[in-house]
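S.K.: Mind docking chain B on chain A? Use the hints.
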Amino acid sequence: MNSFLRKLFGIDNPLGVFYGRLIIGLVLASYGFLIFFLNSIENQWTRISIAMAFWSMGLMFIFDARTILKEYYETDKKVTLPDKKEASILPFLKLVFLGGSIIFLVKFYFAQNPSFYPLTILLIAIILIIVFNEKISHFQISKDGVLIKMMQDINKSYSEIDLKKKDWNFKIEEVKNVRQRKNKKIL
Amino acid sequence: MYDKEKIKRFYNYTLEEYNSSIIIEDIVSVKPVEKTDGSFIQIGIRPLVDDEFLIAPNFDERLPGIGRIVASGEAEYLIKQITENKGVEKTEFKEDIKELPKYVNSNDIILLSTKFYVEFFTKLERRISYGGKHPLLDMGNFVIALSEKILGDKIIILDKNAIQWEKELFNNPVTNKKEKIDISVTPRLDKADILVRSVNKIRYLDPNSIRVLEVKK
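Protein sequences appear in the order of chains A and B. Mind the numbering: the first sequence is residues 2 to 188 in our numbering, read in order. Mind the numbering: the second sequence is residues 3 to 219 in our numbering, read in order.
Only chain B is shown next, with the shape it has when bound in the complex:
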C-alpha cells in the first residue's frame, strides 16, 4: 500500500515543477478548457517504475524532471507546428545578429536558440534589460531562450496573439483544484504506473504574425 503522504508530496512536486517550467504561456495565448474533442494532442510520459519510492520512507518520492519534461515537450510541439507550417514565412538571415531588431515589431516575442545566446546578449547588451522572467529587448520584446536541440539554427519572431492554444484542465485530488496537467498513479503488481500529461490543441495559428529566421553563417 502506498504511503498517502508520499503520494501527496509526489503530486505537489510534479505540479510545482511543471508550473515553474511552463514556457508556452509566455509565448502564445493560452485558453484553459474543460471539454475536449478528438483533435487534441497529449504531451506526456507514462513510465512504469518500482513502487518502492512511494512506500519506503528512505526513498525520495520525487522524480526530478517529470514536470519539466512535459513543459519542454509543449515547447517542442509548438516549434514543430510553427516550422512545419507552410504558410509561415521563412527567411534566410545572413546578417550580423545585432541587426536582428530590424525584423522585430513592437511587442513581438523572440524565440532564440541557445546557439546564438552569447552572441545576441553580448552584441545587443545595451538594448537588453533584465529583471523579469525573461530578458527584454528595447523594453518591449521578450527574448525567450530555447535549447539548440529544439530550435537549431532558427530564431522565431512572433506576436503573442499569433497562436491560440487550448489547454485542458484536470481535477487534482491533492490540491482539489483544476490544474493544467493530469497526474495519476496506478498500482501494477510491484510497479507504479505513472501518467503525467497535458492535453492541448492549437486552435488558431496566424502565419502572417510569425517569422522564422534561418541563420546562415
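One chain only, chain A, in its complex shape:
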C-alpha cells in the first residue's frame, strides 16, 4: 500500500512532484481569473475574495514546486546553488488565502440565492490540498519515525550491554595468557 501511494504521489520522483505541483498551482491560480467571468457571482467583493483565495492557493503550490526543483538540483544533480537568504512568502500567502476564504464564506452566507458552484470548487481545492499535504507529511513522519526508531535501537542495544560491562568484568587488555583454557571437564 505504501509503495503504491508513493508511486501515485511521486514521492520518490522529485521532478514528477515538481510538475504535479506546478500544474495544480497554475490551474488554481488561473481559476482565480475565471471567477471574474462567472455571471453567477454578482457581488464584486465575493469575486475578489474567492479570486484571492485561489490565487494564493495556486501560488503556494507554485512556490512549493520551486522548492522541490531547487532540492532536486542540489541533491540529485549535485549542483551547488547560491545560498541566498530568501524571505518566505508562504506565510503571507496563507494569510491571503485565509482572508479571502473567510470573506467569501461570509459574503456567501449573507447572499440571496447564492450560487454553489464557486463554493464547491473552493471546497474541492481545499480538500485536494489537505489530501496532498497529508499524504506527503504522512510519509515524512513515518520515514523520520523509522529512522528515529532505528537510531534508538542502536543506542538502546549499546546501553544494554554497557550496563552489563561492570557486572561481567569487561576488559580490553594485553593478553596475559595466550593459551586457551580447557573445557574437557564439563563437556
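Don't take every hint at face value.
Pairs of lysine-lysine residues, derived as DSSO-like cross-links and limited to a Cα-Cα distance of at most 30 Å, are as follows [as the list claims (entries may be wrong)]:
1. B:Lys37 - B:Lys92
2. A:Lys172 - B:Lys104
3. B:Lys162 - B:Lys151
4. B:Lys100 - A:Lys166
5. B:Lys96 - A:Lys71
6. B:Lys33 - B:Lys179
7. A:Lys167 - B:Lys8
8. B:Lys104 - A:Lys165
9. B:Lys203 - B:Lys219
10. A:Lys71 - B:Lys218
11. B:Lys162 - A:Lys157
12. A:Lys150 - B:Lys104
13. A:Lys172 - B:Lys8
14. B:Lys151 - A:Lys172
15. A:Lys157 - B:Lys37
16. B:Lys193 - B:Lys135
17. A:Lys95 - A:Lys71
18. B:Lys96 - A:Lys150
19. B:Lys117 - A:Lys172
20. A:Lys172 - B:Lys6
21. B:Lys96 - A:Lys165
22. B:Lys8 - B:Lys193
23. B:Lys180 - B:Lys193
24. B:Lys179 - A:Lys150
25. B:Lys125 - A:Lys157
26. A:Lys172 - B:Lys82
27. B:Lys6 - A:Lys157
28. B:Lys193 - A:Lys166
29. A:Lys166 - B:Lys151
30. B:Lys33 - A:Lys71
31. B:Lys193 - B:Lys218
32. B:Lys37 - A:Lys71
33. B:Lys92 - B:Lys218
34. A:Lys167 - B:Lys100
35. B:Lys100 - A:Lys172
36. B:Lys151 - A:Lys165
37. B:Lys117 - A:Lys167
Hint data in this document are derived by calculation from the structure and do not stem from the laboratory.
M.R.: The following block gives chain B in isolation, referenced to the frame of chain A:
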C-alpha cells in the same frame, strides 16, 4: 555437574550472538591467525555467575548480550586506536551534513555516530540505498552507524584496507571448528567462571587513508 546439553546451547548461543553482532569485519580487513605474540589485545568478559543456569532445567542457559559485548568492545577499541592516532587527520566539520559526501572517496566506509543518524539519512535520502547489511551512499560507500557513546561528535571515513586487523582463532569444543572467539566455562564451587574473549591485533594502520571529522555545530 553441569548439564552438557545446556552448555552446548550456551556455547552455540554465544557464538551465534557474536557472529551476528561482529562489525569489525565490515570496517577493516581482518586476517585470522592461529598463533599470537605478546602484543595482542584481548577484548572480553569474565563473569563469575551462579551455576544454576547451567544445571536447573527451568533456568535459561543463555546470557543475552554476552556475544554482543565482545563485538561492541572490538568496535570501541578500533575507534580508540583511530582517534588516538596522531597521524590521522582530524578535521572540523562545520558544514551541513548533506555536504559530507564531498569528503568521501569511492569505496570508503563511513562510520556515523547515531547523533547524526536521522539528519544524515533524511538529508541524503535520495542518495542512500538499502537492502544489504548496511545502507549504501551513492551505491559505493557503506554507512555503518555506531552509538553516540562510542563515536560522540565524530564521523570517521576510511578505506577498508587502511587497517589490517589480526584475529586469533580458537578451537571450539562444541562446533569442533576454529572460531573467532574463545569461550570457556570453569566450575568454581557454586559458581561458573565464564570467559568469552576475542584476541586481536592491529597489524597495520595507514593514517593517510583515514579521516576523522569532528562535527561542530
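S.K.: Give me the numbers of the hints this structure contradicts, sorted from smallest to largest.
M.R.: 1, 2, 4, 8, 9, 15, 16, 21, 24, 27, 30, 31, 32, 34 and 35
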